[in-house]
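Once you have looked at the hints, place chain B on chain A.
Top to bottom, those sequences are chains A and B.
When the first sequence is numbered by my numbering, its final residue is 81 and no position is left out of the sequence of numbers.
When the second sequence is numbered by my numbering, its final residue is 1146 and no position is left out of the sequence of numbers.
Some clues are possibly wrong.
Heads up, incomplete: computed chain B residues facing chain A, CB under 10 Å, no partners named [claimed, not checked]:
#, residue
1, G1086
2, V1090
3, W1108
4, I1110
5, K1114
6, W1120
7, K1121
8, W1132
Simulated from the structure, these hints should not be mistaken for lab results.
Idealized CB from N, CA, C, for every residue including glycine.
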Amino acid sequence: MNVQVRLFAAARQAAGRDRLELELPDGATIGQLRRRLGEELPGFSGLIARAMFAVDMQYALDAQQIPVGAEVALIPPVSGG
Amino acid sequence: MIRLTHDPIDPATVIQAVCASAAGAVVLFLGTVREKTGRRITSSLEYECYAEMAEKKLAELEAEGRARWPLVECMIVHRLGHLEVGQTSVAIAVSSAHRRPAFECGQWLIDRIKEVVPIWKKENYADGTSDWVHADPGNPIRGEEM
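Next comes chain A alone, as it looks inside the complex (with noise of 0.2 Å):
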């Protein structure tokens, strides 16, 4: 399945871009997209192992297998206030 992938903050400025397209196995879950993302945004994996998840703009668990079509987003570490 084709999974896009929101990317902010120092995620977002280390692609280049605000956004990635990804190609997943079916049921593939925020784990297997973890490791991917790490592959994909090479010098950057202590912040992709880091950071959360969040699957149709809940934080989502490593375990959380990927709904079709669901809005997924890398979340660093917050630091607003």
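Positioned in the frame of chain A, the structure of chain B alone reads:
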């Protein structure tokens, strides 16, 4: 009430939004851009957010705050974009019939905002470098050299 804005925050407007005849206490918290962090001198900040999710998370925090404390009104405003030292990045105003819920909820809201709301800041330093702040002080993520 929740607002994300690129415009300067006027604290008086935020206070006004929570004033009500049922309120006997109004607490205002302002987060402002600090010049020094350790030895580093900040010249400005850039705030970026995942807007749809940030609004959703802020609304969830307001709802949870209202469920935990007997509030009259609550308003949270977070600034985005470029901020100079001394400017206000976040304003939280909470009103309640008596002072304790307003103090406690205001403290809780800023603590939770810093943990769960997808907003990020980039520090532009006086030496011309910049860093995204991603909450791992031992291993800052190097941003673009300006």
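Results of checking the hints against the structure:
1. For B/G1086, the shortest C-beta to C-beta distance to chain A is roughly 16 Å, which exceeds 10 Å, and the interface hint is violated.
2. Checking B/V1090 against chain A: minimum C-beta separation of about 5 Å stays under 10 Å; hint holds.
3. Because the closest C-beta pair between B/W1108 and chain A is about 13 Å apart, greater than 10 Å, the hint is violated.
4. This hint holds: B/I1110 has a C-beta 6 Å from the nearest C-beta of chain A, less than the 10 Å allowed.
5. Checking B/K1114 against chain A: minimum C-beta separation of about 4 Å stays under 10 Å; hint holds.
6. This hint holds: B/W1120 has a C-beta 4 Å from the nearest C-beta of chain A, less than the 10 Å allowed.
7. Because the smallest distance between the Cβ of B/K1121 and any Cβ of chain A comes to about 5 Å, under 10 Å, the interface hint for this residue holds.
8. For B/W1132, the shortest C-beta to C-beta distance to chain A is roughly 4 Å, which falls under 10 Å, so the interface hint holds.
Consistency note: the structure conflicts with the earlier hints numbered 1, 3.
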